[in-house]
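Going line by line, the protein sequences match chains A and B. Just so we're aligned, residue 1 is where the first sequence starts under my numbering, counting upward by one. Just so we're aligned, residue 1 is where the second sequence starts under my numbering, counting upward by one.
Worth flagging that the hints you see were computed from the coordinates, not collected in a lab. Each hint should be verified, as a subset may be incorrect.
Said to hold, decoys possible - Residues on chain B that point at chain A, a partial pick, calculated with CB under 10 Å:
| # | residue |
| --- | --- |
| 1 | 473 |
| 2 | 501 |
| 3 | 624 |
| 4 | 625 |
| 5 | 628 |
Here a beta-carbon is modelled for each residue, glycine too, at the ideal position from N, C-alpha and C.
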Amino acid sequence: MKIKITTKELTSDFAKEVKERSGIDVKKCYQCGKCTAGCPVAYEMDYMPNQIIRFVQIGARKQALTSRTIWLCASCITCTTRCPKEVKIAELMDVLREMALEEGVANPMEKDITTFHEAFLNSVKKHGRISECGMIMEYKRKRPKAALKSALQDLSDGSHLMLKGKLSLAPHSIKGKDSIKRIFEKLG
Amino acid sequence: MSKKIGVFVCHCGTNISATVDVEKVAEEAKKNNPGVSYTTTYKYMCSDPGQKLLRDKIKEEGLDGVVVAACSPKMHEHTFRNASKKAGMNPYHVEISNLREQCSWVHPDKPTGTEKSVDLVRMMTEKTRKDKSLNPIKVPVTKRALVIGGGIAGIQAALDIADAGHEVIMVEREASIGGHMAQLSETFPTLDCSQCIMTPKMVELAQNENITLYTWSEIEAVDGYLGNFDVKIRKKARSVDLDLCTGCSSCWQVCPSKKIKSEFDMGLGKRTAIYIPFPQAIPSKPVLDREHCLLFKDARKKNIPPNDSKVCRKCLDICPIAPVKAIDYTQEDEIITEKIGAIVVATGYKELDDISMYGEYGGGKYKDVITGLQFERLASASGPSEGEIQRPSDGKVPEIIVFIQCVGSRDPAKGCSYCSKTCCMYTAKHTMLYKHKVHHGHAYVFYIDIRCPGKGYEEFSLRAIEEEGATYLRGRVSRVYKKGDKLVVLGADTLTGSVVEIEADMVVLASAMKAQDDAEKFAQKLSIQYDKDKFFSEIHPKLKPVESSSAGIFLAGTCQGPKDIPETVAQAGAAASKVLALLSADELEREPVVAKVDRLPAPIFSTCIGCFYCQRVCPYGAIESEDIKARDGSTIKTVARVNEGLCQGCGLCAATCRSKSVELAGFNDEQVYAEINSVEFN
């Protein structure tokens, strides 16, 4: 896919915006590629992690926010740990995910992942922690195709976990549930 | 009397012994060779105990010839000759058999390596048998140095030599010393003002009593040899008497020709016909540009002497010097000759200014596509815009500026494959200077690699990106074209695989450092070698970096290759120290490995027939002609003679001579044939 970068992108404030939101200064990156070299999921990505940083550096907002990469990142933080210039790459992916959702430009191919994130957060919001079954149910309801695909595996894995008492149908609550709620309210 | 020869075979660690059976070589050297009275092997012959072994054995065994079978003679011939000298032997009876570079390193297996080594040692043994004692040639030294070029390299070298108490003559072809460094705005990586660190040095040079400065002068010819050069200097007609002129500035203020492109401002500023190149010029006395002066133009047109033209004599009229005015239209070039002991060549570089060869960048076509040095002048407080960054076409402050690196460097298709070394750093500096002056501006740099291998350089270039906010894009620009009042730059960012298109206000080309236009001619004048890019060649890239191929001529600064200011100053200091070493002796010793044209008793006098083929092939200009005269003064015959001071012992003359009248000491025919025969008939 041919990408064209013009004066518009180059003079935009994308990198500045990212820095203001997250404190991450992408200018520090000198494109050595160590993040990409150590990334366990790079093989699945459409753009390598260093290229995502590069997009931010040169103001290529569209490419960065619509990339599949930001959703495939497993936040294992190997990149951040190893970066010689101490750029927080995994954290950068987080910010880009937020921005993509806010702007409604998240890559539709990764709808499964965004829905999973939503279900996860909804569960935490509701119970103060995740309720595995509740979360899975919400996710499956919203993504029936994905649900069908993994139905058999879910049944076998789920029953094992349930027999060992690791998975309960009813949600557990935690003590500071109200505090968690307030956090969510505060963040909007 | 046959010689007693000792053969010392070196293991060189395992460099030689891994591929050559050194013990066998030593053993074979003795076999059927009655001359060889002693052989041994040693792990490192060049080490202190190795040299001691050599010295001891010379004495104990009474050796009068030595073959050291080790590495290349370039490496350690000197070492072993010195060692044998200490043991009381004439050092020219030591021969080196090269078992390392020419045998063990190039042969894969031991049997062939050993066989060849045996041959090599035998050859050298035969040569040693015919070695004659030679004594170093002594040449007198004129204790005065010549520095050619008045840039930072020349200034540093001249000051260093003069401070040590020797006379220095500096020749600069421009009207002022200072060179390119005086043109720079700031210098990396400290961003200190170039003028502030340069002008005090220029003043120091002008005031140094040991230095005679000839500006607006060029080297006409260099004759002679190490320690005894005769240099002809052309003092070009300046039309101003430097002794009378006080530099009052009246003349250039009244000069009516005010629109001549200033060379110092790289064509961006204007100057008058009588002018000083820049305010801090040294000498701060003007020169009259006869090409553009109205008076001289008129005189040329009418074909009359300039003094007869009455078109404009404003500068002469206003000159306040009395009774004789300092301006003299009739002045002519003057040629002076100086005796010189050693020469420092510091003629510098030339910026690639023919940017029209980069038509795709609009070089030479668009006014707002400028070179690196032009940008320096724009940014300089003494420049045409007094330091404000304005684009040349309309004086607008550029909001978007694009820098293109490697213009004329690393571009084999354009005939320039080398890296100019300084552009990465000066471009980083340019982005900073720009951002310091245009805070809201955007600076983009297209690069292939960012090369900053110097103290504080990496940090400097990262500062341009991280702190000053220059955006670096990895890729060469393919095209620059005009769209309205913008310049559209088409490039790439290979890190993302994107095509990049920037609408810029100004484009700066990081133009290459090239050799001076006349470098080739100049090198021939001095009989020094130059490389494929016309930069002058040092003898050895690592171990003799300031020595030119001619003895007594040293190189400093960018005439030898692209380099930055710190490196130039260091090299100038090195060249000066080499000059001082030469000038510190009253007589110089030279290797006696020189050619000689035979001289015989009457009536033959010499077998030389005077064809002077040798003169034509000699790269050092060492062959002279000599008239052999009868008692009555009449010439009997004209024959060749070798100037021992100039001869470098290359042997071209000996090989060329048709009458076999030239012999190279230490490599005469008898010795070379002995070597060859020892292989053929065994």
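Hint check results:
{"no.": "1", "hint": "473", "in the structure": "holds, 7 Å"}
{"no.": "2", "hint": "501", "in the structure": "holds, 5 Å"}
{"no.": "3", "hint": "624", "in the structure": "violated, 61 Å"}
{"no.": "4", "hint": "625", "in the structure": "violated, 65 Å"}
{"no.": "5", "hint": "628", "in the structure": "violated, 74 Å"}
Taken one by one, the earlier hints fail for this structure at numbers 3, 4, 5, listed in ascending order.
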